[in-house]
Amino acid sequence: MAEIRVESVAKSFGGFAAVKGVSFTVDHGAFFVILGPSGCGKTTTLRMTAGLELPTAGRILLDGEDVTALPASARDIAFVFQLFALYPHMNVRQNIGFPLKCQNVPRAEIRRSVEETARLLRIDHLLDRRVGGLSGGDRQRVALGRAIVRRPKAFLMDEPLGALDSEFRRLMCGELRELHDRIDATTVYITHDQLEAMAMADRIAIMNQGRVEQIGTPQEIYDRPRSMFVADFIGAPPMSFLGVQAALRRGDRSIEVDGVPVAMPELFEDRAEGSFALGVRPENVSFAEASRLRGRVIGAEYLGTTQIVTVTTANGRLKARLPSSQTVRVGETVGLALRPDRLSLFDASSGAALRSSLYEGGAHG
Amino acid sequence: MAEVALRNVSKSFGAVEAVRGLSLAIADGEFVVLLGPTGAGKTTTLRLIAGLERPDRGDIVIEGRVVTGAVPAERDVAFVFQQYSLYPHLTVYDNLAFPLRSPARRMDENTIRRRVQQVAELLHIEQKLGNRATALSGGEMQRVAIGRALVREPAVYLMDEPLSSLDAKLRAELRLELKRIQRELGTTILYVTHDQVEAMTMADRIGVMNDGVLIQLGTPREIYEQPNSAYVASRLGTPAINLIPAELLGGAGLPPQARTVGLRTEHIRISAPADRQDIPPDAPLARVHWVEHLGDQNHVHLRLATHSLVTLADPAQELKAGDEVSLEFSEPLYFDQAGNRVEVHGVRERA
Numbered sequence: 001m002a003e004i005r006v007e008s009v010a011k012s013f014g015g016f017a018a019v020k021g022v023s024f025t026v027d028h029g030a031f032f033v034i035l036g037p038s039g040c041g042k043t044t045t046l047r048m049t050a051g052l053e054l055p056t057a058g059r060i061l062l063d064g065e066d067v068t069a070l071p072a073s074a075r076d077i078a079f080v081f082q083l084f085a086l087y088p089h090m091n092v093r094q095n096i097g098f099p100l101k102c103q104n105v106p107r108a109e110i111r112r113s114v115e116e117t118a119r120l121l122r123i124d125h126l127l128d129r130r131v132g133g134l135s136g137g138d139r140q141r142v143a144l145g146r147a148i149v150r151r152p153k154a155f156l157m158d159e160p161l162g163a164l165d166s167e168f169r170r171l172m173c174g175e176l177r178e179l180h181d182r183i184d185a186t187t188v189y190i191t192h193d194q195l196e197a198m199a200m201a202d203r204i205a206i207m208n209q210g211r212v213e214q215i216g217t218p219q220e221i222y223d224r225p226r227s228m229f230v231a232d233f234i235g236a237p238p239m240s241f242l243g244v245q246a247a248l249r250r251g252d253r254s255i256e257v258d259g260v261p262v263a264m265p266e267l268f269e270d271r272a273e274g275s276f277a278l279g280v281r282p283e284n285v286s287f288a289e290a291s292r293l294r295g296r297v298i299g300a301e302y303l304g305t306t307q308i309v310t311v312t313t314a315n316g317r318l319k320a321r322l323p324s325s326q327t328v329r330v331g332e333t334v335g336l337a338l339r340p341d342r343l344s345l346f347d348a349s350s351g352a353a354l355r356s357s358l359y360e361g362g363a364h365g
Numbered sequence: 001m002a003e004v005a006l007r008n009v010s011k012s013f014g015a016v017e018a019v020r021g022l023s024l025a026i027a028d029g030e031f032v033v034l035l036g037p038t039g040a041g042k043t044t045t046l047r048l049i050a051g052l053e054r055p056d057r058g059d060i061v062i063e064g065r066v067v068t069g070a071v072p073a074e075r076d077v078a079f080v081f082q083q084y085s086l087y088p089h090l091t092v093y094d095n096l097a098f099p100l101r102s103p104a105r106r107m108d109e110n111t112i113r114r115r116v117q118q119v120a121e122l123l124h125i126e127q128k129l130g131n132r133a134t135a136l137s138g139g140e141m142q143r144v145a146i147g148r149a150l151v152r153e154p155a156v157y158l159m160d161e162p163l164s165s166l167d168a169k170l171r172a173e174l175r176l177e178l179k180r181i182q183r184e185l186g187t188t189i190l191y192v193t194h195d196q197v198e199a200m201t202m203a204d205r206i207g208v209m210n211d212g213v214l215i216q217l218g219t220p221r222e223i224y225e226q227p228n229s230a231y232v233a234s235r236l237g238t239p240a241i242n243l244i245p246a247e248l249l250g251g252a253g254l255p256p257q258a259r260t261v262g263l264r265t266e267h268i269r270i271s272a273p274a275d276r277q278d279i280p281p282d283a284p285l286a287r288v289h290w291v292e293h294l295g296d297q298n299h300v301h302l303r304l305a306t307h308s309l310v311t312l313a314d315p316a317q318e319l320k321a322g323d324e325v326s327l328e329f330s331e332p333l334y335f336d337q338a339g340n341r342v343e344v345h346g347v348r349e350r351a
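First to last, the protein sequences are chains F and Z.
Just so you know, my numbering puts 298 at position 298 of the first sequence, and the rest follows in order with no gaps.
Just so you know, my numbering puts 259 at position 259 of the second sequence, and the rest follows in order with no gaps.
Hints in this document: simulated from the structure, not taken from any laboratory.
From the three backbone atoms N, C-alpha and C, an ideal C-beta is built for every residue, glycine too.
There's no promise every hint is true.
[Said to hold, decoys possible] Pulled from the structure, derived: some chain Z residues nowhere near chain F, Cβ distances all over 12 angstroms:
1. A25
2. R54
3. T68
4. H89
5. D94
6. P103
7. Q117
8. V213
9. N228
10. G253
11. L254
12. T260
13. V288
14. D323
15. V344
[Claimed, not checked] Which stretches of chain F does chain Z cover? Using the computed rule of at least three CB atoms under 8 angstroms from a CB of chain Z, they are:
16. 191-198
17. 279-285
[Stated by the list, open to error] What follows is a list of derived Cβ distance ranges for each label pair:
18. Z:A305 to F:R111: 32 to 38 angstroms
19. Z:N131 to F:S12: 26 to 32 angstroms
20. F:G29 to Z:Q117: 56 to 62 angstroms
21. Z:E121 to F:G316: 53 to 59 angstroms
22. Z:S308 to F:A314: 46 to 52 angstroms
23. Z:R183 to F:G259: 30 to 36 angstroms
24. Z:G339 to F:A314: 49 to 55 angstroms
One chain only, chain F, in its complex shape:
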């Protein structure tokens, strides 16, 4: 299908800079997710890509062609809002065929396209039903059908699953991704839900305050977050941070936390005395009676296979993902072990990750 290039795009509304120089490339056939909290500029970025907003600066290229100034109708892109918006007075066939009818496509061709689309979505047996009587899942499929029936070069989706309850959302995530693969589409999808992003994306761009904080595969972003913002936004529960005061040297392989040396990936830079945050994911924390790094258990949340245990330490709160077979008592003091090769270290004032063997080892560039 299409390659989308967004180059140094910026957008201001009056005095407010919503997007401040965003660049990314979405490859042919990729599923690209822009992830961020509300107000981070992700919707504005998507709307500029669609041609619904004109950028203040920068360029947008669709298959190499500069479309920055073209209106949405001239871009051959389908923009999908919340998927529940169907026309209640029309049946399934009419709902799916509507975009083609608007373009004055001949009736026989509409019929053919609608039936092909319905087969793709496995709703061809529902074509003559009214949308009112359909299950939630089938309604979503009809709405998707309406988006894909035109076979545009790319799909831009703005939180299409936002209105659904969590379990149904998980189900639709799988279906959306599968559909994307089946029709070989290029998709840009925005969400504030990190699980949706992790589950569907080939690559994720995380935005914060109008800027891209990091672009990478889900695993890369999870394992090597470039900033505390990213580390905190990804993961459920997110990464925990222990505050440390230290002077650091290139080649260091441990850092003192509350007077206890904690092993970490080899550091690749020198830093003067300052405040740092040692970042650890919950699955990389375990209890070790012998450890001198101590904390007090303040909560345990049972999740079936695992439990999330919250521990307070002299340097901050930590969350541990432990097997639920392990007995944990609220109020008890425990020793903590952190998996050395998976620790991140951040500059506490800028939030940026320090270079280390973890970050430079497997990362691209």
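Assemble the complex: chain F is given as a structure, and chain Z must be docked to it using the hints.
For chain Z alone, coordinates are given in the frame of chain F:
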């Protein structure tokens, strides 16, 4: 003595039976969560206890007193709704004090101040007492709404999805907070949600509801590990339990009544056939359809004949779409034709 009890309570709205023969006893200081999809009858149950609805049959007992015919004001309950419903023109302090200033209570301002202060500290909003309610963030507003219920110290708190309008992060924070507050104060809470994580993490006991019926009541661990039906098994666990037609697993060694085998994602072990020698030769083979990367773990979507399965795999395990893998199972749950659990006592065999 149970603080709150429903005895065989039913309620219909026209032709719809919203609650059918529900019996439930909530002990003093217990946190009970009713879990179910939209339309399961959870909210109706809360409204029946609060006195906002009258049951067609059955009785409601609060602190040993039958209150079935009593109006809401005569019942010692506090209701927290999904929407904040604060008074926008009042400060946080006045919002919290409001229930205490009701003419029915005649509480003096000194006592009120003490109570409001106490609750505000508990909820970490003591710095915000002077703010207008509208000047708060969503999480703070919902804390105030919960606080307004807490100042009253009723026999039971009824909470109807109080966290569902918050974003995921805040929801996770308030979950922990609410559980802490409940434990510290020893309050009795009946809490309604469709979110299984809320139910699992906060409840002393979970009641799983569907179509107006309480299907199973038990601790989170009981519900997760010993579900009484395929329905309950599928309500808890992310990703959901795999329910596989028994004939796909070859039938040998299965209880005769078993029609469906439930396998939690963590109870399926996959390995490439070449990798290991000790795999039984009759282990079912499946094909990797899709690997979902979630950071701490991968969900591997498999095709076993015509059936889809999901299992967990360590991110280090290299798998890609199209790979053939053999499956080994542990701790299977068996369900009969009707979806009810088939007990196999003391047997933990390989399926």
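Do the hints match the structure? See the list:
Every Cβ of chain F is farther than 12 angstroms from the Cβ of Z:A25; the closest lies at roughly 22 angstroms, confirming the non-interface assignment. Once the 12 angstroms rule is applied to beta carbons, Z:R54 is consistent with being away from chain F; the minimum gap is 29 angstroms. For Z:T68, the condition that its CB be more than 12 angstroms from all CB atoms of chain F holds, with the nearest at approximately 33 angstroms. Taking the minimum C-beta to C-beta distance to chain F, about 26 angstroms, the non-interface status of Z:H89 holds against the 12 angstroms cut.
With a minimum CB-CB distance of about 29 angstroms to chain F, Z:D94 clears the 12 angstroms threshold, and the non-interface call stands. With 12 angstroms as the threshold on Cβ separation, the claim that Z:P103 sits away from chain F holds: the shortest Cβ distance comes to roughly 40 angstroms. Every C-beta of chain F lies more than 12 angstroms from that of Z:Q117, the closest at about 23 angstroms, which supports listing it as non-interface. Under the 12 angstroms C-beta cut-off, the non-interface status given to Z:V213 relative to chain F holds; the minimum distance is some 20 angstroms.
The beta carbon of Z:N228 sits about 16 angstroms from the closest Cβ of chain F, which is more than 12 angstroms, so the claim that it is off the interface holds. With a cut of 12 angstroms on Cβ distances, Z:G253 stays outside the contact zone with chain F, its closest approach being about 24 angstroms. With a closest Cβ-Cβ approach of about 24 angstroms to chain F, Z:L254 is found to remain outside the 12 angstroms limit, as its non-interface label requires. Every Cβ of chain F is farther than 12 angstroms from the Cβ of Z:T260; the closest lies at roughly 19 angstroms, confirming the non-interface assignment.
Its beta-carbon lying about 14 angstroms from the closest one in chain F, Z:V288 satisfies the requirement of being farther than 12 angstroms from that chain. No beta-carbon of chain F is positioned within 12 angstroms of the beta-carbon of Z:D323; the least distance is around 17 angstroms. No beta-carbon of chain F is positioned within 12 angstroms of the beta-carbon of Z:V344; the least distance is around 21 angstroms. Using a Cβ-Cβ cut-off of 8 angstroms, 5 residues of the stretch 191-198 of chain F lie near chain Z, which meets the minimum of three, so the contact claim holds.
Only when three residues or more bring their CB closer than 8 angstroms to a CB of chain Z does the claim for the stretch 279-285 of chain F stand; here the count is 3, and the claim holds. A beta carbon spacing of about 35 angstroms between Z:A305 and F:R111 agrees with the range 32 to 38 angstroms that was offered as a hint. The given range of 26 to 32 angstroms is respected by Z:N131 and F:S12, whose C-beta atoms sit roughly 31 angstroms from each other. Checking the proposed 56 to 62 angstroms range against F:G29 and Z:Q117 shows it holds: the Cβ atoms sit about 60 angstroms from each other.
For the hinted restraint 53 to 59 angstroms between Z:E121 and F:G316, the CB-CB distance of approximately 21 angstroms leaves it violated. Checked against the hint of 46 to 52 angstroms, the C-beta distance between Z:S308 and F:A314 comes to roughly 48 angstroms, which is consistent with it. Between Z:R183 and F:G259 the C-beta distance comes to about 32 angstroms, which sits within the given range of 30 to 36 angstroms. Range check, Z:G339 to F:A314: about 51 angstroms between beta-carbon atoms, so the 49 to 55 angstroms window is met.
Hint 21 from the earlier list is the only one contradicted by this structure; the remaining hints agree with it.
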